[in-house]
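Undergrad: The chain contents come next:
There are 2 protein chains.
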Amino acid sequence: MGRNCNFEVPIAIKYKREKEISIMESIKKNNDEKTAAIFLAEGFETVEALAVVDLLRRAGINICMVSVTDDKNVTTSHGITVVADALLKDVDFDSLDMMILPGGMPGTLNLEKHAELMKRLDSFNEKGGMIAAICAAPSILAHRGILKGIHAGAYPGYEKDLEDGGAIVSMNSSTTDGRIITARGMGCAVDFGLDIIAMLKGQSESDRIRKAIVAC
Amino acid sequence: MGRNCNFEVPIAIKYKREKEISIMESIKKNNDEKTAAIFLAEGFETVEALAVVDLLRRAGINICMVSVTDDKNVTTSHGITVVADALLKDVDFDSLDMMILPGGMPGTLNLEKHAELMKRLDSFNEKGGMIAAICAAPSILAHRGILKGIHAGAYPGYEKDLEDGGAIVSMNSSTTDGRIITARGMGCAVDFGLDIIAMLKGQSESDRIRKAIVAC
Numbered sequence: 001m002g003r004n005c006n007f008e009v010p011i012a013i014k015y016k017r018e019k020e021i022s023i024m025e026s027i028k029k030n031n032d033e034k035t036a037a038i039f040l041a042e043g044f045e046t047v048e049a050l051a052v053v054d055l056l057r058r059a060g061i062n063i064c065m066v067s068v069t070d071d072k073n074v075t076t077s078h079g080i081t082v083v084a085d086a087l088l089k090d091v092d093f094d095s096l097d098m099m100i101l102p103g104g105m106p107g108t109l110n111l112e113k114h115a116e117l118m119k120r121l122d123s124f125n126e127k128g129g130m131i132a133a134i135c136a137a138p139s140i141l142a143h144r145g146i147l148k149g150i151h152a153g154a155y156p157g158y159e160k161d162l163e164d165g166g167a168i169v170s171m172n173s174s175t176t177d178g179r180i181i182t183a184r185g186m187g188c189a190v191d192f193g194l195d196i197i198a199m200l201k202g203q204s205e206s207d208r209i210r211k212a213i214v215a216c
Numbered sequence: 001m002g003r004n005c006n007f008e009v010p011i012a013i014k015y016k017r018e019k020e021i022s023i024m025e026s027i028k029k030n031n032d033e034k035t036a037a038i039f040l041a042e043g044f045e046t047v048e049a050l051a052v053v054d055l056l057r058r059a060g061i062n063i064c065m066v067s068v069t070d071d072k073n074v075t076t077s078h079g080i081t082v083v084a085d086a087l088l089k090d091v092d093f094d095s096l097d098m099m100i101l102p103g104g105m106p107g108t109l110n111l112e113k114h115a116e117l118m119k120r121l122d123s124f125n126e127k128g129g130m131i132a133a134i135c136a137a138p139s140i141l142a143h144r145g146i147l148k149g150i151h152a153g154a155y156p157g158y159e160k161d162l163e164d165g166g167a168i169v170s171m172n173s174s175t176t177d178g179r180i181i182t183a184r185g186m187g188c189a190v191d192f193g194l195d196i197i198a199m200l201k202g203q204s205e206s207d208r209i210r211k212a213i214v215a216c
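From first to last, the protein sequence lines stand for chains A and B. Be aware that the first sequence starts at 1, since it is given in the numbering used here, and climbs by one per residue. Be aware that the second sequence starts at 1, since it is given in the numbering used here, and climbs by one per residue.
Think of the hints as simulated: they come from the structure by calculation, not from any bench. Careful, some of the hints might be misleading.
[Said to hold, decoys possible] Stretch by stretch, here's where chain A covers chain B in the computed footprint (C-beta under 8 Å, at least three residues):
no.: 1; region: 39-51
no.: 2; region: 81-88
no.: 3; region: 205-215
[Stated by the list, open to error] So the derived label-pair ranges between C-beta atoms look like this:
no.: 4; chain 1: A; residue 1: D94; chain 2: B; residue 2: A115; range: 49 to 59 Å
no.: 5; chain 1: B; residue 1: K148; chain 2: A; residue 2: G157; range: 39 to 49 Å
no.: 6; chain 1: B; residue 1: N73; chain 2: A; residue 2: D70; range: 16 to 26 Å
no.: 7; chain 1: A; residue 1: G178; chain 2: B; residue 2: S123; range: 28 to 38 Å
no.: 8; chain 1: B; residue 1: K148; chain 2: A; residue 2: D164; range: 53 to 63 Å
no.: 9; chain 1: A; residue 1: D177; chain 2: B; residue 2: K211; range: 19 to 29 Å
no.: 10; chain 1: B; residue 1: D70; chain 2: A; residue 2: D71; range: 16 to 26 Å
[Stated by the list, open to error] Rough simulated footprint, nothing fancy, chain B against chain A, three-plus residues with beta-carbon under 8 Å:
no.: 11; region: 56-70
no.: 12; region: 76-87
no.: 13; region: 115-123
The beta-carbon is built from N, C-alpha and C at its ideal position, and this holds for glycine as well.
Construct the complete structure from the given sequences, taking the supplied hints into account.
TA: Right under this line is the structure:
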């Protein structure tokens, strides 16, 4: 385990710092690596997004924080401004293995009313891409018919959205069904991130990270 | 519980947005509120710091993110740049109830080698202020004699630092002893934040937040 807190610098970040090229360009240069993008709107839930980024970077997964506004600076639902890696227009969706939607308010509503993002999400889903959403955000997947026949969870109060979308409601912290991962709230963010790692890099890597962060 | 993810805007942030006054000024205007500051150096651990900020703002605690560099933009150990609320020179330590140190590398080392911060920490401790640290950061408290006779935990590998500082080593996720809270790693950040809320606002408020975030 060693004395440090497991701070390997992810490949994409190394590239960015050393070569001044964009995260998305670096992703293309590492075709053997898994790649994911998490989409940040104003009012996204801090931990639901950043625990995922933190955990995936520990696992060496290329995870790009994409602002869906015109500004890389995006402010969370608890007043924390974070600098995203890229804007939506910079994303090469063909290079992505997974799209991730954090919850939070009004972040979730802002994601859902973003027509270009929703178009990309539908297309990504039709091509069989992996999709993950947490807290209020699984409701977006339900509204778009992505959860039909899928075991899925969401923040308490969103069960009807899931049912109306044909999902089988799960009360687990995080739920994996096929290529879809959903989770219930900020307190489930670490489980959600670890399940994403399990899907992208296997259960043993997820277990390694769980131990390294001293998770319950 | 309602349908939202518990996004009350904290008082300090409301003041900042509505009145364009600083967080630290707003803290002084709310003498009945509990106030805390979390200190961010380059390479701090993302979730260990921001889960605490997120949780404390849900509980209506004034929590100020303080950069210990000359720049409000601080980058975490996993390459995420966050905009702090204030610089160290802006902090009115007399108004603080608690000082909080996140872990991460090289963040923890950068905190410990910051002479002005260490001077402030020693002084705050001598006056009986509440102190919280997570992951590698409890080692800073141990090195400064703050943990003598105190039950405390830290990231695996730091047990000797704790023992050499006179602490009684705890293997709990988060440990409260008197006015000191310590926790073991990123996977313990939510428990750490909830214990801080319990100390500042009582166990029932901590329990309310634990339920609202659907924590394990």
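Undergrad: Now, for every hint given, state plainly whether the structure supports it.
TA: Hints, one by one, checked against the model:
no.: 1; hint: 39-51; result: holds (count 6)
no.: 2; hint: 81-88; result: holds (count 3)
no.: 3; hint: 205-215; result: holds (count 5)
no.: 4; hint: A/D94 x B/A115: 49 to 59 Å; result: 51 Å, holds
no.: 5; hint: B/K148 x A/G157: 39 to 49 Å; result: 48 Å, holds
no.: 6; hint: B/N73 x A/D70: 16 to 26 Å; result: 19 Å, holds
no.: 7; hint: A/G178 x B/S123: 28 to 38 Å; result: 57 Å, violated
no.: 8; hint: B/K148 x A/D164: 53 to 63 Å; result: 59 Å, holds
no.: 9; hint: A/D177 x B/K211: 19 to 29 Å; result: 26 Å, holds
no.: 10; hint: B/D70 x A/D71: 16 to 26 Å; result: 24 Å, holds
no.: 11; hint: 56-70; result: holds (count 3)
no.: 12; hint: 76-87; result: holds (count 8)
no.: 13; hint: 115-123; result: violated (count 0)
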